[in-house]
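Dock chain to chain to rebuild the complex, using the hints, since each chain is given by itself in its own frame.
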Amino acid sequence: MPAAPTTTALELANVSCTFVSKDDPGQRYTAVRDVNLSVGAGEFVSVVGPTGCGKSTLLNVAAGLLAPSTGEVTVFGQSLVGLNRRAGYMFQAESLMPWRTARQNVMAGLEFRGVDDAGAQADEWLKRVGLGGFGDRYPHQLSGGMRKRVSLAQTLVLDPDIILMDEPFSALDIQTRQLMENEVLALWAEKKKAVLFITHDLDEAIAMSDRVVCLSAGPGSHPIGEFAIDLARPRDVAEVRVTPRFVELHEAIWSVLREEVLKGYQQQLAA
Amino acid sequence: MKHLRLWQAGLLIAIFVLWHVITKPGLIPPFVFENDQQAAFFFGEPLKIFSRIGAWFFTNADIYQHLWVTLLETVLAFGIGTALGLGFGLWLALSPLAAAIADPYIKAANSMPRVILAPIFAVWFGLGIASKVALGVTLVFFIVFFNVYQGVKEVSPVVLANARMLGASQRQLLRHVYLPSATSWVFSSLHTSVGLAFVGAVVGEYLGSSRGVGYLILQAEGAFDINTVMAGILVLTAFALLLDGAVGRIEKRLMKWQPKSGETEKL
Chain S
217 MPAAPTTTAL
227 ELANVSCTFV
237 SKDDPGQRYT
247 AVRDVNLSVG
257 AGEFVSVVGP
267 TGCGKSTLLN
277 VAAGLLAPST
287 GEVTVFGQSL
297 VGLNRRAGYM
307 FQAESLMPWR
317 TARQNVMAGL
327 EFRGVDDAGA
337 QADEWLKRVG
347 LGGFGDRYPH
357 QLSGGMRKRV
367 SLAQTLVLDP
377 DIILMDEPFS
387 ALDIQTRQLM
397 ENEVLALWAE
407 KKKAVLFITH
417 DLDEAIAMSD
427 RVVCLSAGPG
437 SHPIGEFAID
447 LARPRDVAEV
457 RVTPRFVELH
467 EAIWSVLREE
477 VLKGYQQQLA
487 A
Chain P
25 MKHLRLWQAG
35 LLIAIFVLWH
45 VITKPGLIPP
55 FVFENDQQAA
65 FFFGEPLKIF
75 SRIGAWFFTN
85 ADIYQHLWVT
95 LLETVLAFGI
105 GTALGLGFGL
115 WLALSPLAAA
125 IADPYIKAAN
135 SMPRVILAPI
145 FAVWFGLGIA
155 SKVALGVTLV
165 FFIVFFNVYQ
175 GVKEVSPVVL
185 ANARMLGASQ
195 RQLLRHVYLP
205 SATSWVFSSL
215 HTSVGLAFVG
225 AVVGEYLGSS
235 RGVGYLILQA
245 EGAFDINTVM
255 AGILVLTAFA
265 LLLDGAVGRI
275 EKRLMKWQPK
285 SGETEKL
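Quick mapping for you: the protein sequence lines, in order, are chains S and P. To convert a position in the first sequence, counted from 1, into the working numbering, add 216. To convert a position in the second sequence, counted from 1, into the working numbering, add 24.
This list has only true hints and no planted wrong ones.
Quick list of in silico lysine to any residue cross-link-like pairs, SDA-like style, CA-CA up to 20 Å: (1) P/K276 x S/Y354; (2) P/K177 x P/P204; (3) S/K238 x P/A123; (4) P/K276 x S/R316; (5) P/K177 x S/L281; (6) P/K280 x S/R316; (7) P/K276 x S/Q357; (8) S/K407 x S/R302; (9) S/K238 x P/E178; (10) S/K343 x S/K407; (11) P/K280 x S/P314; (12) P/K280 x S/L358.
These are computed hints drawn from the structure, not numbers from a lab.
Bound-form chain P, shown alone (with noise of 0.2 Å):
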């Protein structure tokens, strides 16, 4: 597999460098816009980007303490939104009569537009980090929690039965098959829900802070100054992707028992 890392990278180094060709001034003839400096203004520039970042993390030093809120509120509200997911989850779908008198108002919450709920929380919470946190929980509850639900639904009945005969009491049940049953389901969604803590963690950020990355993207948009933007979006996507790859490592350690297709090897 070596090949398709290089190719990934590949691809990504070709896009940079198409984008700083597209916008370097003065490097090609402007063909959309009418002078050269345009471009770069709306797009940025790659290496004033990567200068900017670099300045951040090396020469100023000075985006830690907003990354690190950042990825507390991100880590908060994946933990939280997960924890809640799953007990809400099991609980539904193990008490029907429950589930029933539920089941409008849930359908209600997750049509919902959540993300207008920022202001409120706000309001609600103040502008530390709990107004970001409840905003991600929202977002993040209702995918672990649909897919709990649809995980403890799912468990074969012929599984579940034999559990019974060989004597499990409704506790053994629920740790020894239902949870095992649906942590196949939940996986599945978490790489959805570390993708919604950041928007909740950002979004949050961005409608009333004064610490995070969020943050410092809105102060670079009041100065219209899109290479910062930029620079903070990516900043944001890659550990956005480390969390993912750490959920992707916790999956696969916890998974080992899922068949694999191809488990053959050449000697």
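Next comes chain S alone, as it looks inside the complex (with noise of 0.2 Å):
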């Protein structure tokens, strides 16, 4: 069992959000309706849900990148205004600066900052996430796997307390996506940051965290369950899916967002 966190590093308190269609101001369309979540310091907490139910408008709004329409999010006991400062966030898309190389890419954040030592805190970086000889490479000469582990530099460079991740390796194949996964956790485990993790892939979301949420189809989607995830850790993703409380868990889980996942396909196909 994961320890009982004993701050909440993210809290958001009855957060909905209505888009207004810019054209037709009479076309509303409600992604998120009364969401209540909560990640303590150090908590590893995936959100899972079927596609288009508005995960990455809930981490948009955890950023603070987008005002909730009602609600409130709450940082470590402040109320949030404006960006998110003690937040890093990685992007699902390509989130690189194209004109600068991988290692002008991960002194960014220091450089805004004004660090002085922003070139070794970036060299360091790149050697854990296993590029040290890639630095002088602009993005597009990276691979797909390749520039998101610059990604993830850029991002934990800075040391962030709460990191936000928006289903960041749903574009990479499995061995990478294992990989990354696996390097994910090592680095969480030595720091023990609080932990937003977004995905539509279940086994993912159970492999890596310490609680999992389920969203319902949008629109309008809220929380229909969470499930605490009493793997032991260290984990290894590609390992623990064969365990048998890998594969309770999953039923479990998958009981309940089964429903979900068809109510949100049958929308796609009508719409």
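What follows is the structure, given as structure tokens:
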């Protein structure tokens, strides 16, 4: 069992997000409704849900990139206004600056903050993610997996208290993906930061997290189930998948999620 | 790529040979005009044009002051127009309200036939360099402006959000995200702008000046000296190509982060 978190790093209280179409103000879409979600300091929480259920919306709200229509976000007990300065965000899409080399990309955040030894820290982090010799490559000269590593280093070099990850590995092949998942787990175990991890992959969610939150299908998605993952750590994401407890948890969560996934799928077919 | 250059040079020579054959009096019987002098009168003769250029640069060496003036006007118009276009483009792209207010005026100013302004500039700024630079600036400005504006609008929202999450301030966003992202657009516009800066300078000189290659061409036209007119055009074209090449070199240096297709190397 994971130790009960002593402080709450991130809390979303009654958060709803309604988008209004710019061309036709009558058109509204409520992506998420009345979401309550909290991540303790040092806790690894995954959010799973059907496609298009507003998972990324929740993450943007947590990052402060998107202001919720109603509700409140609290970061270490303080109400969030503007950007969440204590959070690092790893995006799903390509987010590296294409005009900077891998090293310069990792350095970017430190440079913005005016840190002196930005170069040395960037080099160290590049080595940690296994890209020691690739610092002077531009993003287009790196493979998809390498770019994700650079993104990871770029986020973690700033040592954020909260790490937000939006399906960071969804574009990777299964081998690279498991490697990266293990790397992230190792890095997390070292620093024990609060992680809010978004994925559509239930296996990934269970293998990595302390807690898995299921979202309903959109519109107006909200949490419909929460599961504590009591698998022993340290875990190897490939090996843990074949343990009986993993299969049990998978079955339990999937029974809650299945209907929502089908609902989401039907909606997409109808649209 | 040696062969490519060879073919290009061959085509150039072929054009001049054809030109020579058609216009040289007495070489072939006239087939459009009534006598063999007329083709040369209307189209000039390559050999005379080259000897004219040779005289300008070497024997008389009297083109340099004119060329210097024209190039100075071009470079000034290019520099000022680009700087203004960059500044206004960034400003309007980043402040939607200003952009919304200015929108109809920018469209109007852009669709206005701005060459018509040349005489007005001559009245405002006199017959010296300033009026030609002003004309060139109006031509260059809009090209750069629209491209910068577009470039800033096309910044990837994810890259932007990422930079913000990494803690970039507004200034840092401008310097590290908007500007680099807009540069690729700016460079594509600079190639067009170099040519237009030349147009501004030469047209300005043509309409009223006492120096410059445009002035030389105007003088020659007054005397029906078609060879000198052609020689002037050739010299201007060559220098426009040189300037364009310089822009290309700078672009190559600054844009080395851009993906190029086929980077494999045969060993």
